Structure formats: structure tokens, C-alpha cells
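A.B. asks: Chain L is already provided as a structure; the job is to place chain G on it using the hints.
Line by line, the protein sequences are chains L and G.
Letter 104 of the first sequence, counting from 1, is numbered 104 in the working numbering, and no numbers are missing.
Basically the working numbering = 1-based index in the second sequence + 350.
If you are wondering where the hints come from, they were derived from the structure by calculation, not from laboratory data.
It should be emphasised that the depicted structure is a prediction, and the values quoted were computed from it without experimental measurement.
Check the hints yourself; a few may be wrong.
To be verified - Under the rule of at most 25 Å between Cα atoms (straight-line distance), these lysine to any residue pairs were calculated in the SDA-like manner:
id, chain 1, residue 1, chain 2, residue 2
1, G, K506, L, H329
2, G, K510, L, R27
3, L, K156, G, E507
4, L, K156, G, L434
5, G, K520, L, E297
6, G, K656, L, E253
7, L, K156, G, V443
8, L, K160, G, Q503
9, L, K323, L, E53
10, L, K160, G, S504
11, L, K323, G, E509
12, G, K506, L, P210
13, L, K323, G, G502
2 protein chains.
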Amino acid sequence: MSHRFLRACRREAVDHVPIWLMRQAGRYMPEYRAIREKHSLLDMIRDPAMAAEVTLQPVRAFGVDAAIIFSDILPILEGFGLKLTFVSGRGPVIEQPATAAMIATWPETADPAATAFTLDAIRVVRRELDGKTPLIGFCGAPFTLACYAVEGQSSKEYEKARRLMATEPKAWHALMQRLATAAAAYLLAQIQAGAQAVQLFDSWAGLLGPDDYREFVLPYSRYVFDRLAVSYPEVPAIHFATGATGLLAELKEAGGTVIGIDNRVDILEAWNRLGPGVAVQGNLDPMTLVAGGAIMERRARAILDKVGHRPGFIFNLGHGVLKQTDPTHVAELVRLVQNYRAAASPKGSP
Amino acid sequence: MSHRFLRACRREAVDHVPIWLMRQAGRYMPEYRAIREKHSLLDMIRDPAMAAEVTLQPVRAFGVDAAIIFSDILPILEGFGLKLTFVSGRGPVIEQPATAAMIATWPETADPAATAFTLDAIRVVRRELDGKTPLIGFCGAPFTLACYAVEGQSSKEYEKARRLMATEPKAWHALMQRLATAAAAYLLAQIQAGAQAVQLFDSWAGLLGPDDYREFVLPYSRYVFDRLAVSYPEVPAIHFATGATGLLAELKEAGGTVIGIDNRVDILEAWNRLGPGVAVQGNLDPMTLVAGGAIMERRARAILDKVGHRPGFIFNLGHGVLKQTDPTHVAELVRLVQNYRAAASPKGSP
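Bound conformation, chain L alone (with noise of 0.2 Å):
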């Protein structure tokens, strides 16, 4: 029998709410930061070794129901020559980032060797895990891939990438269409190295509205999902973005066998929005699990009480877990989640 993770995700019966965590493995937890202080975060990324062992800390820590490999979303970016670097308090940072006269140049999809350490570090976790735990493989989505790559840093608006976009689209969709064919490699690879679900984290979709997704986005994130139903039907899929309230047609149309809610919207209303079809992820305030107490009781059994007696739901933060969270209160979380039952008559039961 697969593990409840794998089974929500399929909206099969469950024994109790899965619960994992957006970057569960990072700085608010000691394990990490003792290999963090002697280490940058890109060279943990490119160590399976320590990435491995990364991975594995919030399974060990508070048996999360499952793991998600640690890497970047941008290394894969490096598969078309552009140069990337972490900055101390400014993040990465792309030296030279895209434009429409290098894209013009680019190669069809990303040289594999980009990221062919995160395939290592799958292959450890998976025979460290021993099938006790489902391991999720991740990747960014095109459009937050292409976010990245033109504006060549974070940023509150990404306007010099929106800008390409509305002014150059024939440089825009020849730029989507080479991360769609390389994320797309990418997740096939990460599955056939041993992940058992994967994840696209579309962190910037939510800066469009529906026209401008249709046009410009979704027949690349489709293309991705797509693929991966053709060639792994079983594997789940999980569609995430964030500030998207505003897109839950367009990405349940875009694909993907679970929709990933972020914490700026009721989940049972999203739920309901999206319709039948498919498994809901979310979408607790991780400001609330740094919280802690009270507070986070509450809202942790609100969502519980809204959607978990619903097959095919996972309890997951709306957003990363931040640094300043205080470990214990994760620890209370999970066990929160995993020792809910649902009432016999849940609010908000169809």
C-alpha cells in the first residue's frame, strides 16, 4: 500500500491528513545552519552528499509525511550559460541575465550537467529513505524560471521581465519555449532517478492576471505537465503558485494532479472554485507558524475542519517556511495535523 502522501494526492482514502512543508529543510532549523555556517548554499546544493542529509533533517525531526529534495530552482538556468551566484543579502544573482538577442542564441533545452548533482542527491535520499517516506522532486516553472533569468535578481515587480513579455512576445515565447522543454526534461529525469511526486513551484504567476497567463504562460506550463502525464500517469503533479487567487481556472487548466493554494485565500472557497478533479494542497500563513500557541492552533484546525475530511487534501504552509520560525512550533504542527480526526459533521462538508 503507497504512503498517505501519495495516496492523498490521489484522492484515495487516507488514515490521517499528510502534512509536509514548504522549505521544511532550511535556516530555522540548528541541523541545517551547523552545515550552512561551513558551507554556501550552492555548493550544498551541488554536494548530494549534503544535500542529501539536508533533505532528510525534517523527516528525522518531526516525520513529516514526506520529503522534498533541497536544491534551487535556478541552477538549471546555468544549462543555458547564464552565470549564476548568491549574493550575501541580495540573494542570486545572474551576472549577465537574458535578452532577447541571447535568447535568439540559446540552445533548445538546458545542458543536463546543469543539474545533474540534484539527480545524485534523489538517488541518496531515495536509499536512505528506504520507502518509508515519498520523496518530492521540484523544478520552477517557465514562467518563474524566465522571471528570473531576464531580471537577472529578485524583485518586487519583475518589470524588465513583464516588459520583454508585452514588448518583445516573439522573444518571449522563444524564451518559454526552451525552459518549458528543459523543466520538463528536468522533472522526467528527477522521476526516473527516484521521485515519486513532483512539484512546480510557479512563485511569480501571481503577478499576471488571466489574460496575459492564457497568452503567455499557460501553454508552457501545460506543455511541462503534459508531458509528465504521458510518460508517468501515476506520479503526481503538484501545480503551485503564489498571489494566484486570481488564476485557479487558468492553473487547473495549465495541469497538474494537485493544485498547491497559497495562504491569501479560504481554502474551501479556492477548493470549491477549482472544482472537482483534482487534490488541494495548503495554505496555512507560515507567519502563523512563527507564531506559534494559539494562534496557530486555530487556524491549523479552521483549515482542518474546512477540508480535511476531503479526499485528496494535503496540509502544507501557504509559503515557505520562514527563518525566524522556532522549530518546536513545527514539531506541534505536525502533530497537530497527523492527530486530527474529523468531526462526524465537518463544516463545510458537500
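C.D. replies: Relative to the frame of chain L, chain G by itself:
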């Protein structure tokens, strides 16, 4: 007969859809830059003659259907003793941001002297406009003011402010009560000085989920709108938030006769979810205005085809004009909207 902007706010018949643009007075205009080069932003806001001049520039240049007083949402915080500076490249900075201990010593409302110059500017603008174009006043919503007061600067997530909310609810409620009292008094004073409509900007409300918004924010925004409705029921009150597609029902419940919609949702879908009883303002993507040309025309016409025939529609951007915008695009957009006539069988007709 009142102006078409005010008539649309009241859902009365208009000769054409009115248009104004958030941040229509700004750095994208050469006339504005000519003044800004010689004066700081705070100097311009504090000098009623300069603030009035800048307010009038887009009315003269583009013939928009409403003026909005040139000011900033933050000076009101100086009325509680916070010290505001604008640091080049960093934006507004509060040297000693509000803490729970400081809030306990705050007066019940802001000293009106902190914003008196804006009331003077309103009087100057009303004289100059001579009844030809209506003038909008504005204020930051209590939550957005609280974000800045506690964080001390612009931020992507306003973690300090949201942490105070989640972990020190008593201090949070004391802060919000004071900010709501001050915002209501300030907007009433703007109306007394001559503002013919007012807009409450809740720029950061979209960071919250509906449960947090209801518990920690809604009562205070509602207090502001209730005060306005009691004293000036005929003055339109616009309620605008960004990234708040998941809060539409809550924003309507908090108040406002017009709801401002950002560019991250389909405007027809948003209006249908809001339901009857409110006018709607929005929602072209500011990046589309930067692009201009065919895509701007397509996107603007799509909005007009969807909702241009509904009583109570005011055309605007989904967010402020970006500084890299070409003023000729603004002129084209204003012309397009003002010349638009709804087709006989518009799409999306109810």
C-alpha cells in the same frame, strides 16, 4: 449635473466611461520631473502650491476625468511622533519604528498638523479646477499604515508588522484603533477642505488570508467607512487593495461605495463575485501601459467590452503608473476609453 466620474461612482448613467489613473501625477511626466529635480518628495507634498501644481499636470496633459491630490500615505504617521524620511534608492524610512511599548504611549489619534498642508493643497486645487474636474482625496488604510509604522520601511512581506499582529494582539488592536481614528478624521477633513471623493489605499491587505483580515483588519477599515457614510453619505468612498483577490467579500463588507480591483484578476469575474450594490474601478496592468501599442489597445478594449456597459464602472489601472511609462501611451489610453461606446450586445452582459 455632476461630473461623469462622480455619477459613475454612484452607479448613475454616464455619457462615457470615466478614466483616471492611480499615480497619474508622477515621474513619467516631464513636467513633474522638472519640479522633482529641484525638490524632495516631502518638500513637494508639504508645499501646497507645488502639490497643487503637480496634481493639475495630468488633468491638463491628458484630460483625465478626475484629479487626485498629490500627497503620500505616510505623513499621517508623523502625527503620532514617528519621524519620516525618504532615503534615495530605499524609499520611505521611519527611523524608530513603532513597538508595542511605544504604541501604549501614543495619543488616541494623530496630530492634524502633520497633514495640514494637504488640506491647503486641496483648497488650491479646487479653486484652480473651478468645478470642471472632480478632486479625489485619499489616505492609507489602517493595516497598510500599521505595516509601515511597525516595519519602518517598504518590505515584501512586512514580517515584523505581521509578527506583531500574530503574537501581540493587544498591541496590534491598540495600534489599529489609533490609525483608524486618525484615518477617518483625516478623510473627513479632506472632504471639508473640498475633496469630492476619497480613496482608502490598503496596499498590503493582500498579504493576509481572510481569517486574519477579518480578525485583525476589517473592523478598523469598516470604522473608517462608517464614519464617512454617517457624515458624508453622498461623497463616494473608494476601497482599493492590491493582491486581494481572495478578500473581495471581506473588502466589500468593510465598506466603500466603489471597490478598486487590481490587475491580477478578471474584472468581470471580480465584479460578479462582489455582487450588486457597489461600483467598480480598475484594472489595466500598468505594464500594459508601459508596452503601449497593440497589446494596450487589446487589453483595454477587453476590459471595456466586459464591463464598460455596466453602470458604475470607472476605468483605471490595477496599480499605479510606472515611472518608465511613455506619456503618449497615457494620452492614447485616455482617448481610447473616452471614445469607447459599448456595442449593442456586449460580451458579459448580465
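A.B. asks: It remains to establish, for every hint, whether it holds in the given structure.
C.D. replies: Hint-by-hint comparison with the structure:
no.: 1; hint: K506/G with H329/L; result: holds (24 Å)
no.: 2; hint: K510/G with R27/L; result: holds (18 Å)
no.: 3; hint: K156/L with E507/G; result: holds (10 Å)
no.: 4; hint: K156/L with L434/G; result: holds (23 Å)
no.: 5; hint: K520/G with E297/L; result: holds (19 Å)
no.: 6; hint: K656/G with E253/L; result: holds (22 Å)
no.: 7; hint: K156/L with V443/G; result: holds (18 Å)
no.: 8; hint: K160/L with Q503/G; result: holds (24 Å)
no.: 9; hint: K323/L with E53/L; result: holds (19 Å)
no.: 10; hint: K160/L with S504/G; result: holds (20 Å)
no.: 11; hint: K323/L with E509/G; result: holds (11 Å)
no.: 12; hint: K506/G with P210/L; result: holds (23 Å)
no.: 13; hint: K323/L with G502/G; result: holds (20 Å)
Consistency with the previously given hints is maintained throughout, with no hint failing.
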